[in-house]
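Chains A and B, in that order, give the protein sequences.
Sequential numbering from 1 applies to the first sequence in this note's numbering.
Sequential numbering from 1 applies to the second sequence in this note's numbering.
Hints in this document: simulated from the structure, not taken from any laboratory.
From the three backbone atoms N, C-alpha and C, an ideal C-beta is built for every residue, glycine too.
Accuracy of the hints is not assured; some may be wrong.
Unchecked claim - Just the calculated beta-carbon pair ranges, DEER-fashion:
1) B/191 with A/127: 32 to 38 Å
2) B/50 with A/213: 40 to 46 Å
3) B/278 with A/225: 51 to 57 Å
4) A/237 with B/58: 58 to 64 Å
5) A/127 with B/165: 43 to 49 Å
6) B/281 with A/127: 36 to 42 Å
7) B/367 with A/213: 53 to 59 Å
8) A/166 with B/277: 47 to 53 Å
9) A/166 with B/62: 37 to 43 Å
10) B/76 with A/245: 45 to 51 Å
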Amino acid sequence: MGTVIEAVATAVAAERPFAPTSLELTDRAARECLRRAQREPAELDLLLNTGIYHDRNLGEPALAALVQEDIGANPGHPPVGGHGTFSFDVLNGVAGVITAAFIADGFMQSGAAHSGIVVAGDADPQPGKSEGFGYRRSGGAMLLGWREGLAGFTQFSLETFPEFEGLFHSAVGWSEPDGHGLHLGHAHHNFLAVERLDGFLERCVECATIAVERFEAKTGVDVSATDLLIASHDDAAFGDLLADRVGISRHNVVHLPEHLHSLHTALPMAAVEEAVRDGSLAAARHILFVCAGAGITVGIAAYENQSEVAA
Amino acid sequence: MDTTTPVATAPVPWMLSEASPVTASGHAPFSSRFAGIGVKIPEPIVTSVDLVRGARHHPHIDLERLTGVHERHVAGPGEDSLSLATGAAREALDRAGIQAADLDMLISCSITRYRDGLNMRMEPPLSLDIKTAIGASRATSFDISNACAGMLTGVFILNDFIRRGVVRRGMVVSGEYISALGRNAAREVRTILSSQLASLTLGDAGAAAVLERAPAGAAGIGITSFTTLAEHSRLCLAYPSKSAPGAVMYTKARTLQEMALEDTPQLLREVLRLSGMRLDEVDYVIPHQTSARAITKGERILSRELGGSPKHMVINIQEYGNTASTTHFLALHRYLEEGRFKPGDKVVLMALASGLEFGIVTFTVDDLVEKYGHGH
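Excised from the complex, chain A in its bound form (with noise of 0.2 Å):
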């Protein structure tokens, strides 16, 4: 038994005027994943968003409980002996998909859920306000089922590298006029500011490295076995970087058409829909997802491929 993808979609926006947002594109995301798996949203046990940038950076409710309305996921009262949908965010940047991962496997382990939707989403809050926001609008989702006889996800793993913590930044803050704010030349109202510095792909190859090792050490798992690398980071050059170190020829490695290089936390759903799409995901069987960003955080999740995906 395990946890299966069943299914992923994404969709993107380019920046103009009137553009869907975050929230309209993981809706239309999470959708098409539901419709190429044949599933029906009432299906679903667990919604678990882990898209960081929101339209005009909502705080409250979590982003999830408004995609399990939009896509009508058991949205209603409860019937007696119905069967409901839980939502709620992880939040962990471009590793928050393999978090969430790790979360909704745990439930399915221990009989809570049996299906469950991560979902991604990131636009820019306020176009024209925010600084170093280059990320394309974007909406992600990866079905997860519970599959009797397959293996699916078999190990996680989640390391931190917090000396390198300031190589990435972002925050939604407050400008003075008199420029004792976040950043000068925005006063009077709150922004987001991402900070990216010089450095930061090369530390996280780095740290993906020391991470991957520290990951087969404890696991077990053949790295060099890897048929499929799916390596997610703000940089595309990172999934090659990262296969040099850790023994992986480059063919193995998913490489996404650039212009979806700039999407952020709907990177893995992009990445296992191009494999899908080339046919790189069918071939496979062992596959390693490491996603590396702010923190620096690694995460890292092994995946036994056993079944079609649909994308």
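Using the hints, position chain B against chain A.
Only chain B this time, still in chain A's reference frame:
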């Protein structure tokens, strides 16, 4: 960490639930228990009278009579979500008698993630700062966000990891520097019909709970059960303010309360059925603290719908206000310090939060009371 422990499936009711026993063989490998609970309550106090008196439009609102909130503590200079969380975390570790390095998992559950003033942290997660500050170098860490149900959601997650044997000890922690919403609301509120009125009840606090592995069947956490009634997801929305540091929150409080009161009896009935308890067998119900009136009204409805009443319905909103995700643990900590609990007492923690999130954690008091000098 071993993440491969297979456990057989059980039927999933309306609520996403974990209850003993859950496995085909009859038992989860382990139980979990609260090993220590800590809080950090800032010293400065703002009374409801002072808050309303300072409001820009001088509304004629008797906030204390309306909500039961006499005063709330607010963060002082240099305090923020992180400092409140770390202060609470340190006390929880001390009460549990363990070192931060003993923690396998740390889950930060704050709605507010303010650092260095009113700068809301987006990335890296606040959990990283907390674990660095307290020295929990081994802990797997991440943030969750689930409005005022955040800490109990964290307990739900951590309890699951402990019961399956994946982790031995972990911490759920939150620091809520949320009083800025009250200050911002005071600029706008004109009448009791204001959509920002609920913000005037908010207070600041940090809370943390250490959970640890216990033998299967031991006293400790019983049922954890959650659901989201998302058709009400837009009844309470919070955003950064456009005119001041911090955030603003718009709440259709009356509708939210009506929906909560309407749905709670049926959901609580399901949890009581799972736990094999009647309501009048519960020693303490600790609901989320939004308003004394709402809690009292809810108690009457529960009694009418479910029959009987819990022995104690806990209300501590008078001194703290609504401290968001930390309210249950402030109440627990207070009652532990005052020696009100005795081993064997049945406690129901009940979350009602924006979303609409509904969650319940039940536990049986054990020798946790000894950590507070009140062994019986």
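Here's how the hints hold up against the structure:
1. B/191 with A/127: 32 to 38 Å: Once the Cβ atoms are compared, 35 Å apart, the range 32 to 38 Å for residue 127 of chain A and residue 191 of chain B holds.
2. B/50 with A/213: 40 to 46 Å: violated (58 Å)
3. B/278 with A/225: 51 to 57 Å: Because 56 Å falls inside the window, the suggested range holds.
4. A/237 with B/58: 58 to 64 Å: Given a distance of about 60 Å, which is inside 58 to 64 Å, the answer is holds.
5. A/127 with B/165: 43 to 49 Å: Given about 47 Å between the Cβ atoms, the range holds.
6. B/281 with A/127: 36 to 42 Å: Violated, since residue 281 of chain B and residue 127 of chain A (Cβ atoms, about 56 Å apart) do not stay within the stated range.
7. B/367 with A/213: 53 to 59 Å: violated (42 Å)
8. A/166 with B/277: 47 to 53 Å: holds (50 Å)
9. A/166 with B/62: 37 to 43 Å: violated (49 Å)
10. B/76 with A/245: 45 to 51 Å: 47 Å Cβ-Cβ, so the 45 to 51 Å window holds.
Taken one by one, the earlier hints fail for this structure at numbers 2, 6, 7, 9, listed in ascending order.
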